[in-house]
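Here the protein sequences come in this chain order: A and B.
1 is the number of the first residue of the first sequence in our numbering; add one for each residue after it.
1 is the number of the first residue of the second sequence in our numbering; add one for each residue after it.
Where hints are given, some of them may not hold.
Because identical chains cannot be distinguished in the list, a pair is counted as satisfied if it fits within a single copy or across any two copies.
As the list claims (entries may be wrong) - Below 30 Å or equal to it, Euclidean Cα-Cα: the simulated DSS-like pairs (lysine-lysine) are: (1) K392 - K182; (2) K386 - K246; (3) K58 - K217; (4) K31 - K434; (5) K202 - K381; (6) K21 - K4; (7) K38 - K259; (8) K65 - K10; (9) K432 - K357; (10) K414 - K97; (11) K426 - K115.
Quick caveat, the hints were computed from the structure, so don't treat them as lab data.
The model shown is predicted, which means the values in this text are computed figures rather than measured ones.
Here is how the chains run, residue by residue.
Protein chains: 2
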Amino acid sequence: MDNKLITPRKLAGFMELEPQKQIVFDNMLAKIRKVYEKNSFLPLDTPILELSEVLLAKSGGEIDKEVYHFTKGSTDICMRYDLTVPLARFVSMNFDKLNFPYRRFQMGKVFRGEKPQRGRFREIYQCDIDIIGNENLPICADSECIKVGYEIFEELNFEPIIELSNRNILFGYIEDIGFVEKRNDILTALDKIDKIGVENLKEMLLEIGVDKENTTKLVELTSLCGPFDTILEKIQNLSTNEIYVKGVNELKELNSYLKAMQIPEDSYVLKLGVIRGQNYYTGTVIEIRLKGYENLGVVCGGGRYDNLASYFTNKHLPGVGISIGLTRIFDILDYQNLLDLNFSPIDLMIIPLGDTKANCMELLFYFRKNNITCEVAYEDKSFKSKLKDANKRNIPYILIVGEDEVKNNAYAFKNMASSQQETLTKEEILNKLK
Amino acid sequence: MDNKLITPRKLAGFMELEPQKQIVFDNMLAKIRKVYEKNSFLPLDTPILELSEVLLAKSGGEIDKEVYHFTKGSTDICMRYDLTVPLARFVSMNFDKLNFPYRRFQMGKVFRGEKPQRGRFREIYQCDIDIIGNENLPICADSECIKVGYEIFEELNFEPIIELSNRNILFGYIEDIGFVEKRNDILTALDKIDKIGVENLKEMLLEIGVDKENTTKLVELTSLCGPFDTILEKIQNLSTNEIYVKGVNELKELNSYLKAMQIPEDSYVLKLGVIRGQNYYTGTVIEIRLKGYENLGVVCGGGRYDNLASYFTNKHLPGVGISIGLTRIFDILDYQNLLDLNFSPIDLMIIPLGDTKANCMELLFYFRKNNITCEVAYEDKSFKSKLKDANKRNIPYILIVGEDEVKNNAYAFKNMASSQQETLTKEEILNKLK
């Protein structure tokens with residue numbers, strides 16, 4: 001060839017899986033989808049590309065350097081970096097056509113030009129649900145999202161531990177102790193409790209200007225974590241601040257629904273250190289971790305927000321949702337060799353001997369019609385190397401089809417694990433495979 | 001609000017569906033996927049973004065103005081415009097890890113900055129399968145792709161008509177009559193036969209320089225369309241040109257496999273006017289149309305190519321594949337009101353009366369656990385407007401849950417179509433819904 005070859009490369013930070021892993025990944029996606037559908041969320045599929053004016057509305061037009069941003073002709077375009085702004089746009093545009101509460105799920109790729117590293121990608125599968133109310137949205141909706149998050153990780157064969165709080169508790173408490181003007185700084189500090197530890201946190205709070213006594217109290221409050229009833233009991237009389245009391249009451253109500261929906265009581269805790277991003281959530285906050293897989297960190301996060309789309313519409317659209325970043329979870333499981341990749345994607349390999357390709361294609365049709373996944377090894381190479389392939393691929397059964405076998409409907413059917421070989425009709429083979 | 005609102009808009013040429021339509025679209029995608037999996041194709045999910053150098057390798061680096069192309073930092077990036085170049089890159093990069101023939105399916109969005117119009121979008125769902133051989137790939141593979149295309153449209157409740165040809169027939173015939181140096185011009189003209197009609201085609205061929213006699217012969221040949229055996233009989237002795245004979249033999253072999261896999265003989269024809277894009281296919285060419293939906297045109301196309309990735313590797317990788325552009329098909333069906341949108345995504349709406357929200361959440365859990373899709377109408381609005389919602393949404397059953405109902409496990413269960421109302425236990429209701 002006198003072609004000048006181009007080296008085939010992919011962009012850094014973009015996950016691309018070999019077939020076996022992709023099957024596992026797709027199974028996870030399918031299970032998540034099934035749970036979303038079963039809980040009667042409606043699918044949404046917004047474009048990958050949005051007008052920059054729209055996508056950056058939330059940030060006042062400022063382009064985060066992580067956003068993929070370009071122009072085509074005279075159009076200023078961004079690739080979506082989450083599924084929430086597109087949801088806000090969609091709901092605002094289609095308000096009159098939607099039923100409220102509007103329950104949508106969306107599963108798709110989002111794009112962030114972050115520095116790639118283990119578990120951090122530039123193209124990420126995000127799997128979101130949100131319930132959007134028109135003017136009001138009862139706490140029932142929060143409990144539904146929590147239940148769905150629980151079911152998903154159960155379905156994926158994990159033991160989820162759901163950590164819950166309500167941001168009104170800290171909002172109210174901080175107001176109560178007189179530091180309302182430093183609220184955001186204090187919350188940013190408290191959010192770090194798990195990462196930096198209690199002593200460093202205290203120092204941070206003192207630096208912010210909180211007095212010693214209240215520093216201790218704040219850290220004590222934020223350290224509380226345990227069974228819902230126990231922690232609720234402990235915190236319910238700590239403050240009479242109106243926002244604080246609202247938080248306590250919302251947690252009580254939430255708890256009653258979680259019990260009603262029979263989430264096991266050892267699967268969820270009230271943990272006041274759950275704070276999440278600072279400017280977004282306004283009530284319930286949700287984080288899910290997996291028992292025995294603590295190094296995965298938070299595998300699902302979410303919560304309640306006051307208003308989905310205030311930059312697009314004057315309608316008041318309170319909502320609650322959760323989000324799962326599947327790409328990161330999968331990558332870490334893969335890196336730690338925790339994926340079960342030891343399976344064969346097909347049950348049967350049909351190997352022609354002599355002039356029997358058409359007969360093999362007939363058998364292929366017969367078995368596939370009966371839901372056996374199979375292939376014909378029709379490529380031009382030796383019988384021996386086809387056997388070797390079947391072995392390498394862990395294919396459990398092979399069928400050898402020579403001209404005599406076709407005449408007699410009696411095929412050599414071999415169990416690759418036991419090396420046992422039998423002569424059987426295709427009907428008998430089908431029965432064995434079933 | 002003193003917010004300055006941004007008008008929520010989406011980019012032109014990007015399909016975005018309301019919930020009911022999205023459910024139908026997703027069902028179509030799921031059915032296609034199921035057929036691909038059943039036929040033991042392996043999933044591949046390449047990134048949306050590729051290095052421009054790689055994506056434009058095939059075109060010698062020339063950027064088609066339709067390609068979304070930009071830089072981020074110092075990286076020159078394109079959005080994928082098909083799934084074939086990414087496949088070529090993937091196979092070249094992962095050659096040693098893959099089993100050949102490598103059978104992959106990929107379903108995902110591709111991007112083309114075309115002028116938007118009915119049925120033509122800038123973001124398109126493409127659903128592809130390809131079988132890639134290492135050095136060789138028997139015609140069996142072509143027959144498998146054809147069978148899969150047939151099954152998909154059957155699964156989607158259409159009657160597919162598969163139109164097949166083999167490009168070697170025209171390649172050889174044109175060589176035979178001495179116009180080999182005008183082959184591409186002649187093929188381009190012949191490809192238009194359905195669009196421009198026989199008379200205009202003849203004029204084009206004469207203009208190209210083909211003599212009158214051969215013009216007539218070429219048009220006659222290209223007009224042939226009918227049952228495989230009949231047409232094969234007609235054409236098999238028209239030329240002794242080596243390439244022509246190769247084409248005839250490949251078609252004969254293909255036919256034997258199509259029969260073996262029991263594709264009904266009235267579902268596929270040999271049609272020499274099937275030519276497809278000029279520079280790509282080298283053997284079998286495939287087009288599928290749908291009986292009774294002729295205005296959809298070709299809903300699936302594909303064929304055999306000599307070498308997948310000659311711009312990335314010196315390995316010889318012959319392949320065959322088909323591609324379905326679902327976005328266009330769906331849009332035309334939608335535009336012609338051919339989609340069945342008259343269904344309720346949920347079976348049951350549970351309506352609380354009085355202080356029974358927690359009880360409703362318990363019932364919600366009970367029914368969902370038993371695979372009934374349902375919702376609780378927990379939003380703060382009147383009972384009457386909740387009933388109205390249920391009606392508007394075509395929800396078949398509602399359950400009214402007051403405090404007495406809970407005490408007695410006896411709920412008002414209403415069939416919305418018949419307006420018939422019964423008092424039943426939750427177990428009885430479950431039985432009715434099943």
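Evaluated hints:
1. K392 - K182: Result: close neither inside a copy nor across copies, 63 Å intra and 49 Å inter.
2. K386 - K246: between (69 Å within a copy, 27 Å between copies)
3. K58 - K217: neither (35 Å within a copy, 66 Å between copies)
4. K31 - K434: both (24 Å within a copy, 23 Å between copies)
5. K202 - K381: Classified as neither: same-chain Cα gap 71 Å, cross-chain 46 Å, threshold 30 Å.
6. K21 - K4: neither (33 Å within a copy, 47 Å between copies)
7. K38 - K259: Intra 20 Å, inter 41 Å, cutoff 30 Å: intra-copy only.
8. K65 - K10: The answer is both: 21 Å in one copy and 22 Å across copies each meet 30 Å.
9. K432 - K357: within (23 Å within a copy, 52 Å between copies)
10. K414 - K97: Classified as between; 26 Å across copies, 59 Å inside a copy.
11. K426 - K115: neither (55 Å within a copy, 54 Å between copies)
Of the numbered hints given earlier, the model fails hints 1, 3, 5, 6, 11; all others are met.
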